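Asks: Each chain, letter by letter, is given below.
2 protein chains.
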Amino acid sequence: MALIVQKYGGTSVGSPEKIAAVAERVKRFVDQGDQVVVVVSAMSGETNRLIALAQGITESPSPREMDVLLSTGEQVTIALLAMSLQKIGCDARSYTGSQVAIVTDSAHMKARISRIDEQKMRADLDAGKVVIVAGFQGVDEQGNITTLGRGGSDTTGVALAAALQADECQIYTDVDGVYTTDPRVVPSAKRLERITFEEMLEMASLGSKVLQIRSVEFAGKYNVPLRVLSSFQEGPGTLISLEEDSSMEQPIVAGIAFNRDEAKLTLLGVPDLPGVASRILGPISAANVEVDMIVQNVAQDQTTDFTFTVHRNEYKKTLNILQQVCDDLGAREVRGDDGIAKVSLVGVGMRSHAGVASKMFDALAAESINIQMISTSEIKISVVVSEKYLELAVRALHTAFGLDAKAE
Amino acid sequence: MALIVQKYGGTSVGSPEKIAAVAERVKRFVDQGDQVVVVVSAMSGETNRLIALAQGITESPSPREMDVLLSTGEQVTIALLAMSLQKIGCDARSYTGSQVAIVTDSAHMKARISRIDEQKMRADLDAGKVVIVAGFQGVDEQGNITTLGRGGSDTTGVALAAALQADECQIYTDVDGVYTTDPRVVPSAKRLERITFEEMLEMASLGSKVLQIRSVEFAGKYNVPLRVLSSFQEGPGTLISLEEDSSMEQPIVAGIAFNRDEAKLTLLGVPDLPGVASRILGPISAANVEVDMIVQNVAQDQTTDFTFTVHRNEYKKTLNILQQVCDDLGAREVRGDDGIAKVSLVGVGMRSHAGVASKMFDALAAESINIQMISTSEIKISVVVSEKYLELAVRALHTAFGLDAKAE
Numbered sequence: 036m037a038l039i040v041q042k043y044g045g046t047s048v049g050s051p052e053k054i055a056a057v058a059e060r061v062k063r064f065v066d067q068g069d070q071v072v073v074v075v076s077a078m079s080g081e082t083n084r085l086i087a088l089a090q091g092i093t094e095s096p097s098p099r100e101m102d103v104l105l106s107t108g109e110q111v112t113i114a115l116l117a118m119s120l121q122k123i124g125c126d127a128r129s130y131t132g133s134q135v136a137i138v139t140d141s142a143h144m145k146a147r148i149s150r151i152d153e154q155k156m157r158a159d160l161d162a163g164k165v166v167i168v169a170g171f172q173g174v175d176e177q178g179n180i181t182t183l184g185r186g187g188s189d190t191t192g193v194a195l196a197a198a199l200q201a202d203e204c205q206i207y208t209d210v211d212g213v214y215t216t217d218p219r220v221v222p223s224a225k226r227l228e229r230i231t232f233e234e235m236l237e238m239a240s241l242g243s244k245v246l247q248i249r250s251v252e253f254a255g256k257y258n259v260p261l262r263v264l265s266s267f268q269e270g271p272g273t274l275i276s277l278e279e280d281s282s283m284e285q286p287i288v289a290g291i292a293f294n295r296d297e298a299k300l301t302l303l304g305v306p307d308l309p310g311v312a313s314r315i316l317g318p319i320s321a322a323n324v325e326v327d328m329i330v331q332n333v334a335q336d337q338t339t340d341f342t343f344t345v346h347r348n349e350y351k352k353t354l355n356i357l358q359q360v361c362d363d364l365g366a367r368e369v370r371g372d373d374g375i376a377k378v379s380l381v382g383v384g385m386r387s388h389a390g391v392a393s394k395m396f397d398a399l400a401a402e403s404i405n406i407q408m409i410s411t412s413e414i415k416i417s418v419v420v421s422e423k424y425l426e427l428a429v430r431a432l433h434t435a436f437g438l439d440a441k442a443e
Numbered sequence: 036m037a038l039i040v041q042k043y044g045g046t047s048v049g050s051p052e053k054i055a056a057v058a059e060r061v062k063r064f065v066d067q068g069d070q071v072v073v074v075v076s077a078m079s080g081e082t083n084r085l086i087a088l089a090q091g092i093t094e095s096p097s098p099r100e101m102d103v104l105l106s107t108g109e110q111v112t113i114a115l116l117a118m119s120l121q122k123i124g125c126d127a128r129s130y131t132g133s134q135v136a137i138v139t140d141s142a143h144m145k146a147r148i149s150r151i152d153e154q155k156m157r158a159d160l161d162a163g164k165v166v167i168v169a170g171f172q173g174v175d176e177q178g179n180i181t182t183l184g185r186g187g188s189d190t191t192g193v194a195l196a197a198a199l200q201a202d203e204c205q206i207y208t209d210v211d212g213v214y215t216t217d218p219r220v221v222p223s224a225k226r227l228e229r230i231t232f233e234e235m236l237e238m239a240s241l242g243s244k245v246l247q248i249r250s251v252e253f254a255g256k257y258n259v260p261l262r263v264l265s266s267f268q269e270g271p272g273t274l275i276s277l278e279e280d281s282s283m284e285q286p287i288v289a290g291i292a293f294n295r296d297e298a299k300l301t302l303l304g305v306p307d308l309p310g311v312a313s314r315i316l317g318p319i320s321a322a323n324v325e326v327d328m329i330v331q332n333v334a335q336d337q338t339t340d341f342t343f344t345v346h347r348n349e350y351k352k353t354l355n356i357l358q359q360v361c362d363d364l365g366a367r368e369v370r371g372d373d374g375i376a377k378v379s380l381v382g383v384g385m386r387s388h389a390g391v392a393s394k395m396f397d398a399l400a401a402e403s404i405n406i407q408m409i410s411t412s413e414i415k416i417s418v419v420v421s422e423k424y425l426e427l428a429v430r431a432l433h434t435a436f437g438l439d440a441k442a443e
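Chains as they are written, first to last, in the working numbering: chain A, 36 to 443; chain B, 36 to 443.
Keep in mind the hints are simulated off the structure, nothing from the lab.
Each hint should be verified, as a subset may be incorrect.
[Stated by the list, open to error] Pairwise CB distance ranges (calculated):
| id | chain 1 | residue 1 | chain 2 | residue 2 | range |
| --- | --- | --- | --- | --- | --- |
| 1 | B | Phe267 | A | Asn348 | 43 to 49 Å |
| 2 | B | Glu176 | A | Arg157 | 19 to 25 Å |
| 3 | A | Asn348 | B | Ser265 | 46 to 52 Å |
| 4 | B | Glu176 | A | Glu278 | 45 to 51 Å |
| 5 | A | Lys256 | B | Gly178 | 26 to 32 Å |
| 6 | B | Gly178 | A | Pro98 | 21 to 27 Å |
| 7 | B | Phe267 | A | Arg157 | 48 to 54 Å |
| 8 | B | Glu94 | A | Gln90 | 34 to 40 Å |
| 9 | A | Gln90 | B | Ser265 | 25 to 31 Å |
| 10 | B | Leu308 | A | Ala158 | 57 to 63 Å |
| 11 | B | Ala312 | A | Gly124 | 42 to 48 Å |
[To be verified] Simulated crosslink set (BS3-like; lysine-lysine; CA at most 25 Å straight-line):
| id | chain 1 | residue 1 | chain 2 | residue 2 |
| --- | --- | --- | --- | --- |
| 12 | A | Lys62 | A | Lys145 |
| 13 | B | Lys122 | A | Lys145 |
| 14 | A | Lys394 | A | Lys225 |
| 15 | B | Lys145 | A | Lys122 |
| 16 | B | Lys53 | B | Lys145 |
| 17 | B | Lys394 | B | Lys225 |
As the structure is a computational prediction, the values presented were derived from the model and not from experiment.
For glycine and all other residues, C-beta sits at the position ideal for the given N, C-alpha and C.
My request is simple: use the sequences and hints to build the entire structure.
Replies: Following this line, the structure appears as structure tokens:
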């Protein structure tokens with residue numbers, strides 16, 4: 036008998052029929068003796084419908100009232116799922132975030148959970164009931180309804196699992212697990228049996244949008260085993276946990292993430308003086324532009340070249356700021372390129388294996404792909420290449436590091 | 036400066052534009068120095084949409100979960116109205132029934148209010164805020180969401196007005212007040228300036244469905260002046276209060292109610308013995324059929340005739356039961372008629388005026404309308420006539436009792 040928290044997203048509960056399918060799945064766990072807490076999102080389309088209603092009223096609705104509005108989305112789903120479970124003879128009880136209570140700070144629309152009262156849930160579970168909790172929402176100390184921000188239902192699931200010390204938090208989505216890379220780019224990409232929290236964070240932040248980053252951080256912090264599974268097909272999914280894969284043939288590289296949403300900017304001939312980096316990035320940060328990779332080469336002739344990447348949407352804006360910085364610093368020239376892509380190898384195995392970088396560069400060179408920037412961390416190596424080489428680079432690396440699924 | 040509770044129904048808040056219009060109206064009261072608490076229903080169509088979702092899951096949803104589901108309807112409206120008021124510079128704050136708190140018993144889908152905590156509302160009002168409360172919903176002592184049953188938002192308005200000792204509870208609807216009778220039947224029907232709670236109860240229960248009966252009872256019990264007004268046009272509406280109209284030309288009859296939803300059943304030749312009435316009505320009540328008018332004439336030849344009316348939908352069912360009763364009691368014959376209508380004069384003035392009944396019968400006789408049943412109370416006289424005479428009867432009585440509006 037295990038205590039399991041299951042989280043179902045909007046597409047998994049998008050219609051009465053899909054909700055009935057979720058109820059059937061929950062019942063299978065109950066029938067095999069598990070205690071189950073279910074966290075649900077709003078039905079797909081519902082949150083957008085509510086936002087459109089608010090937009091019909093005002094362009095800048097108060098965050099407190101947006102939370103009152105948006106929290107109704109999940110409230111509808113919990114009631115429907117409870118009815119659906121009861122219909123098939125499975126005792127169930129729904130709770131809003133406020134009822135549970137999931138207590139948060141008062142930062143409306145981006146609240147953070149401060150504590151969870153698990154007494155009611157525990158009593159219901161012990162009485163043989165399935166507990167259904169509205170995701171994405173909570174209540175502050177003054178009784179105001181709060182929301183955790185978009186996608187926050189994953190965080191609710193992990194937080195409940197942590198509070199209840201659940202054996203596993205299962206996140207049901209429309210994919211059947213975490214893959215070595217995007218199967219749309221590499222058809223031979225394979226589902227990972229397991230991956231560590233650290234690897235998942237690098238995969239997620241680099242563009243594999245299976246799970247909300249915050250929920251993975253949360254799961255790692257409280258060591259809640261997290262499993263990503265498909266709502267629509269059976270299978271073990273991917274387990275995200277603290278331990279590395281302990282099998283003999285542990286791969287060095289867990290997966291390959293990539294991102295084509297970036298643009299590269301370079302300031303050439305910058306005087307090589309202390310504090311110059313902050314004089315470059317200060318105005319960019321002040322304009323609320325987030326900088327991703329930063330590379331600065333060693334100086335030659337008292338000047339250096341400074342390169343960084345930003346989100347592609349911020350490219351034009353950043354270019355204008357950087358031109359001003361160039362004039363102020365007396366640098367030589369600004370160059371930019373929004374036709375780039377970033378490719379990253381991720382794996383905790385890199386820590387103990389030398390030669391990963393050179394093997395990566397060899398594989399890319401073999402395809403005549405020029406590397407424009409390199410950035411490394413403990414468990415990942417990222418390179419920037421011309422966008423046109425992205426698919427080729429990912430496929431070449433996927434093969435080079437032995438990630439391809441065996442032909443059936 | 037007055038403290039006013041305003042209640043807006045579903046059609047009054049049916050779209051962002053209509054909600055904006057409500058906000059403008061509320062602001063006018065605030066601008067003239069009033070403190071305003073607004074109670075709103077779900078946007079028109081929303082409750083039916085939610086019920087359809089539940090029906091997509093199960094035919095018999097649990098009442099607790101129906102309340103979780105249905106209460107989202109008003110929660111959407113309170114958020115949108117708060118945004119709308121804030122947009123036009125009017126500070127406002129929304130509350131669900133649970134947040135206020137409107138504490139009820141645990142009878143889901145038909146809960147009764149046990150107490151209201153008015154502290155939060157009072158503090159907001161004193162701080163210059165408009166308070167917006169979700170109608171129709173509450174919370175039980177265990178924190179479960181409850182609803183007051185359909186149309187219960189009127190009751191919420193009156194209950195809040197009573198708790199806050201408001202100067203007036205204004206119910207905004209799609210009609211501009213209470214009329215002497217249905218203007219669709221009598222075009223010269225006129226709006227009443229005022230009417231007593233007692234009269235309104237008789238008018239409402241007899242078919243003038245402007246206000247929920249329970250809210251009128253509630254208002255009468257706590258002496259909350261109730262005003263029915265139109266959301267869509269300006270005007271004083273109709274004030275429902277304890278006092279009778281004190282003007283010199285006080286009418287004897289306040290209005291004429293009618294009802295075509297009834298059917299008449301008669302048991303002829305019933306042995307005139309003690310307890311026979313309960314032997315007739317017992318089986319009918321046991322079948323959950325509500326009986327409205329009951330008439331029994333004096334006995335002749337040791338037998339009597341027993342006549343009563345039921346809702347037309349229950350006619351066939353009741354006829355079958357009555358046939359069985361007829362056999363059991365050894366009565367002579369069962370007769371029925373579902374082509375009848377009930378017409379009632381209502382007015383507290385009847386208490387002190389003799390001759391109302393005979394004037395009524397004269398007016399009907401002048402039109403050759405046969406009276407099939409008569410039933411009287413302190414402030415009303417009801418007659419049953421053939422349904423085909425209904426409009427004629429109402430118009431004749433409207434004129435006879437001086438209720439017609441003067442030609443303009």
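Asks: Determine whether the Cβ-Cβ distance between Glu94 of chain B and Gln90 of chain A falls within the hinted range of 34 to 40 Å.
Replies: Once the Cβ atoms are compared, 36 Å apart, the range 34 to 40 Å for Gln90 of chain A and Glu94 of chain B holds.
Asks: CB of Glu176 of chain B to CB of Glu278 of chain A, is that within 45 to 51 Å?
Replies: Because 47 Å falls inside the window, the suggested range holds.
Asks: State, for the Cβ atoms of Phe267 of chain B and Asn348 of chain A, whether the hinted interval 43 to 49 Å holds or is violated.
Replies: Holds, since Phe267 of chain B and Asn348 of chain A (Cβ atoms, about 45 Å apart) stay within the stated range.
Asks: Check the following: the C-beta atoms of Lys256 of chain A and Gly178 of chain B are separated by a distance inside 26 to 32 Å.
Replies: Once the Cβ atoms are compared, 30 Å apart, the range 26 to 32 Å for Gly178 of chain B and Lys256 of chain A holds.
Asks: Taking the beta carbons of Gln90 of chain A and Ser265 of chain B, is their distance inside 25 to 31 Å?
Replies: holds (29 Å)
Asks: Are the Cα atoms of Lys122 of chain B and Lys145 of chain A separated by 25 Å or less?
Replies: holds (22 Å)
Asks: Can you confirm whether the C-alpha distance between Lys145 of chain B and Lys122 of chain A stays at or below 25 Å?
Replies: holds (22 Å)
Asks: Within 46 to 52 Å: is that where the Cβ-Cβ distance between Asn348 of chain A and Ser265 of chain B falls?
Replies: For Ser265 of chain B against Asn348 of chain A, whose Cβ atoms are near 49 Å apart, the range 46 to 52 Å holds.
Asks: When you take the CB atoms of Phe267 of chain B and Arg157 of chain A, is the distance between them in 48 to 54 Å?
Replies: holds (52 Å)
Asks: Is Lys394 of chain B close enough to Lys225 of chain B, meaning Cα to Cα at most 25 Å?
Replies: holds (21 Å)
Asks: Please verify whether Lys53 of chain B and Lys145 of chain B have alpha carbons no more than 25 Å apart.
Replies: violated (29 Å)
Asks: Could you check the hint for me, namely that Gly178 of chain B and Pro98 of chain A are 21 to 27 Å apart, CB to CB?
Replies: holds (25 Å)
Hints 12, 16 from the list above are not met by this structure, while the remaining hints are.
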